[in-house]
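Given chain A, put chain B in place with the hints provided.
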Amino acid sequence: MPKLVHVVDDDASFRNSVGRLLRACGYDVAVYESAEELLQQLPEAAGPSCILLDVRIPGVSGPELQDRLARLGSTLPIVFLTGHGDIETSVQAIKAGAEDFLTKPVAKDKLLDAIERAIARHQAAREQHDRLNTLRAKVARLTPRERQVFDLVVRGRMNKQIAHELGTTERTVKAHRQRVMEKLQVESLAQLVSMAERLDALSAATPPVQPVE
Amino acid sequence: MLGGGGSVRHCWRLVVVLVAWLVASVSPAAESRPRSILVFDQSDVRSPFYQAIFSGLRNAMVSGSTSPISIYAENLDLSRFAGAAYAESLQDHLRIKYRDRPIGAIVAIGSATLEQVLRQRAILWPDVPVVFAMVDEPAIARLRPPSDVTGLTMQLSLRDMMIAARAVVPGLRTVALTGDVLASQTAYRHFADEIPTAAADVDVMNLTGLPVAELRKRVAALPDHTAILYTAMYSDGAGTFLPPADALALFSDAANRPIVITAETFLGRGGTGGFVMVPSLIGEGAARLALRILGGEKASDIPIARGDVIRPIFDWRELVRWNVNQTRLPAGSEIRFRPATAWDQYRSQIVVIVTVVLLQAALITLLIYEQRRRRTAETEARNRMAELAHLNRQATAGELSASIAHELNQPLGAMLNNIETAELMLDAGSPKLAEVKEILSDLKRDNQRASEVIRRLRRLLSKSAIEAQEIDLNDTVREVFEFLSTQASARAITLNNRLAPQMLRVRGDRIQLQQVIVNLVVNGMEAVVDGANGDRKITGRTALLNGASVELSIGDSGPGIPLGRLKEVFDPFFTTKSHGMGIGLSIARTIVEAHGGRIWAENQTSGGAVFRMSLPLVQAH
Numbered sequence: 001m002p003k004l005v006h007v008v009d010d011d012a013s014f015r016n017s018v019g020r021l022l023r024a025c026g027y028d029v030a031v032y033e034s035a036e037e038l039l040q041q042l043p044e045a046a047g048p049s050c051i052l053l054d055v056r057i058p059g060v061s062g063p064e065l066q067d068r069l070a071r072l073g074s075t076l077p078i079v080f081l082t083g084h085g086d087i088e089t090s091v092q093a094i095k096a097g098a099e100d101f102l103t104k105p106v107a108k109d110k111l112l113d114a115i116e117r118a119i120a121r122h123q124a125a126r127e128q129h130d131r132l133n134t135l136r137a138k139v140a141r142l143t144p145r146e147r148q149v150f151d152l153v154v155r156g157r158m159n160k161q162i163a164h165e166l167g168t169t170e171r172t173v174k175a176h177r178q179r180v181m182e183k184l185q186v187e188s189l190a191q192l193v194s195m196a197e198r199l200d201a202l203s204a205a206t207p208p209v210q211p212v213e
Numbered sequence: 001m002l003g004g005g006g007s008v009r010h011c012w013r014l015v016v017v018l019v020a021w022l023v024a025s026v027s028p029a030a031e032s033r034p035r036s037i038l039v040f041d042q043s044d045v046r047s048p049f050y051q052a053i054f055s056g057l058r059n060a061m062v063s064g065s066t067s068p069i070s071i072y073a074e075n076l077d078l079s080r081f082a083g084a085a086y087a088e089s090l091q092d093h094l095r096i097k098y099r100d101r102p103i104g105a106i107v108a109i110g111s112a113t114l115e116q117v118l119r120q121r122a123i124l125w126p127d128v129p130v131v132f133a134m135v136d137e138p139a140i141a142r143l144r145p146p147s148d149v150t151g152l153t154m155q156l157s158l159r160d161m162m163i164a165a166r167a168v169v170p171g172l173r174t175v176a177l178t179g180d181v182l183a184s185q186t187a188y189r190h191f192a193d194e195i196p197t198a199a200a201d202v203d204v205m206n207l208t209g210l211p212v213a214e215l216r217k218r219v220a221a222l223p224d225h226t227a228i229l230y231t232a233m234y235s236d237g238a239g240t241f242l243p244p245a246d247a248l249a250l251f252s253d254a255a256n257r258p259i260v261i262t263a264e265t266f267l268g269r270g271g272t273g274g275f276v277m278v279p280s281l282i283g284e285g286a287a288r289l290a291l292r293i294l295g296g297e298k299a300s301d302i303p304i305a306r307g308d309v310i311r312p313i314f315d316w317r318e319l320v321r322w323n324v325n326q327t328r329l330p331a332g333s334e335i336r337f338r339p340a341t342a343w344d345q346y347r348s349q350i351v352v353i354v355t356v357v358l359l360q361a362a363l364i365t366l367l368i369y370e371q372r373r374r375r376t377a378e379t380e381a382r383n384r385m386a387e388l389a390h391l392n393r394q395a396t397a398g399e400l401s402a403s404i405a406h407e408l409n410q411p412l413g414a415m416l417n418n419i420e421t422a423e424l425m426l427d428a429g430s431p432k433l434a435e436v437k438e439i440l441s442d443l444k445r446d447n448q449r450a451s452e453v454i455r456r457l458r459r460l461l462s463k464s465a466i467e468a469q470e471i472d473l474n475d476t477v478r479e480v481f482e483f484l485s486t487q488a489s490a491r492a493i494t495l496n497n498r499l500a501p502q503m504l505r506v507r508g509d510r511i512q513l514q515q516v517i518v519n520l521v522v523n524g525m526e527a528v529v530d531g532a533n534g535d536r537k538i539t540g541r542t543a544l545l546n547g548a549s550v551e552l553s554i555g556d557s558g559p560g561i562p563l564g565r566l567k568e569v570f571d572p573f574f575t576t577k578s579h580g581m582g583i584g585l586s587i588a589r590t591i592v593e594a595h596g597g598r599i600w601a602e603n604q605t606s607g608g609a610v611f612r613m614s615l616p617l618v619q620a621h
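So the sequences go chain by chain: A and B. Residue numbering for the first sequence follows this note's numbering, beginning at 1 and increasing consecutively. Residue numbering for the second sequence follows this note's numbering, beginning at 1 and increasing consecutively.
Chain A on its own, in the form it takes in the complex (with noise of 0.2 Å):
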């Protein structure tokens, strides 16, 4: 799938170079004039995407489309290319997040290195969630009692104490236990914590003991 990368630049001449070396290096370009227009059609983040954009364009400025793209959740990696960088609007594109911040005129390989570095961060930050999401669908299909189970044998419990706990018998438990493994995919002890930690379920508390009848 080829990379696409949203040039956004109100000097034509500029934007239409650099869509031209873009394509010619493999990529798939979209040109935008203003930061308005970018917003109007806000890209779907489907494939492998970045955006160039021009620090200093009228209307809505490089850093403020920066901002207004992280209130909308867009998560595509920024990477700002200015005529002039003073030091004010660098470090405030950093702090907001930019992916990478470049002075034109820029090398051809430099500006590659830059996209290339960016997508496949966005890519690994991706895929990442994505992993997430699947586990986050696995735990999601789990009974509450299943759930109560897996948060209690991740946190290293007995089944004697988490029977205790949940006020029912050693031999259910296991039961339950086994069940989760079977639903979550895993095959030991080990998976099952790894899998917790990844999703971030051992930070909490421990979640209060319900009586499931």
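It should be emphasised that the hints constitute simulated quantities derived from the structure, not laboratory data. This one's a predicted model, so the numbers in the text were calculated from it and none came from an experiment. C-beta atoms are modelled at their ideal positions from N, C-alpha and C, and glycine is treated no differently. Keep in mind that a hint or two might mislead.
[As the list claims (entries may be wrong)] Covered stretches of chain B (in silico footprint by chain A; criterion: 3 or more residues with CB under 8 Å from a CB of chain A, positions within the stretch not fixed):
{"id": "1", "segment": "152 to 164"}
{"id": "2", "segment": "594 to 604"}
[To be verified] Interface residues of chain B toward chain A, partial, derived using beta-carbon atoms under 7 Å:
{"id": "3", "residue": "S63"}
{"id": "4", "residue": "T240"}
{"id": "5", "residue": "E420"}
{"id": "6", "residue": "L424"}
{"id": "7", "residue": "L426"}
{"id": "8", "residue": "S430"}
This is chain B only, laid out in the frame that chain A set:
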């Protein structure tokens, strides 16, 4: 003139006879003296010397007194008439003549007069004080006047005559003494005693007592280095009596050497000059004393003193005749009869004319100097302004460096992108020629764009001399707004142009006018950024005013200018910014005024400040 009078022995008889009667007739009170004086002299009325004494006396009496004083005068003519009978007849004459005339003071001129007066007074006016003048000191010693007689003595000296003689005759070897025999002249008698000391180193040729005819021959044949000393002569030796001045004239024309004289009246009669008695001074001196006595002062309280009546005076014509070096004359010498020069005659006119000419010249010089100074100052001011303007442009350029960098980097970035794309395409083989062509054309355009940025920058910064040319103000404004557009958009400021539809021709320096506009716009931008106003807007307007001038205004949507500071903003070093020198607007004003225009600041009713400038329109030919 000062010839000895005869003795008046017989008058004593008369004195005794008349004493009783006279005592009654004389005013006894010394305190309130009659305002009258009786003046005696020893001459006849024709003598110029005594006339001068008398007029000097009268003038001094008149000018020295507030109330009128009666002046009676008697010319005793003592050099020609003498003897007891004459004295006796005089006494009768005087007694009868002045019977009803009270006399406050008696003035006696000359030694012989004093002698005669003292005798007559004893009989006729015993209580009337006497003032004398021109009496030689030996005579005083001899007469021993009583205490109510005072006056001024006079002493002629041979020494003075010798000083004058040496002055007019350099290398003096001989003096020829002329006049009556010294022994017969009371005023000159003592000269004989002075000869051994005062004239020791010269030969003294005695020509005194000679008849005029003889004298004329002798003075015509004097040797070199000789001076003639003339005392006084009262007769021609042939029976004619005459005043000494006239006697001098009888032989002076024959003299072959200069004649040193003793009286002012001898000047003009052939005398060269010398230490001369000035008769008017004699009269004045006597008058002053007489006035004091009439004023109540006692004669006995006034000591007898020597009168200051002798002055070194010379006749210019004689000095020329005898070729006398004037620098040799005694110090303080007065020279008479010098023909009046143009300076003497027209002194005031000459002074006025010269003064006017000088003043005019000074004025012209001053004006030329001022004009030159002004021209220098103007040139200087122009140069200074150009320098300051240049500095200001550099400062502005510094402030605009971000936008300039941006403007340059934009085309440079595009060019690099295009070049690298072309490289990629060439590397890939079988490039699409159409696309390469397109890339090349873009490269060319971006290159031109970068060049234009640099060209504009150079024009802004160029330190060129002021050159006036006809320009379109609209173009100028447009160019500046274009130049500043990126700067403005980076700060989210809208730059608007509302330019007049027609061409606005003004005469001026394009760079300087642009600088003014840049300054105004940059100031405006700072105002709208600093202000909390959400609407960031700068509007440039041009308009034609009444066909004779054009107006350009730069308005902003900032907070405006406090009312009291609308004028102050143009002062040098006025600034509200944390950076900058505050000379931008002052330079702007200087530039506008140098273009014959005007610049001022206002606040807009809609808010924000507006700077307006008017420039003269160049009429289309």
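**Item:** Violations among the numbered hints
**Value:** 1, 2, 3, 4, 7 and 8
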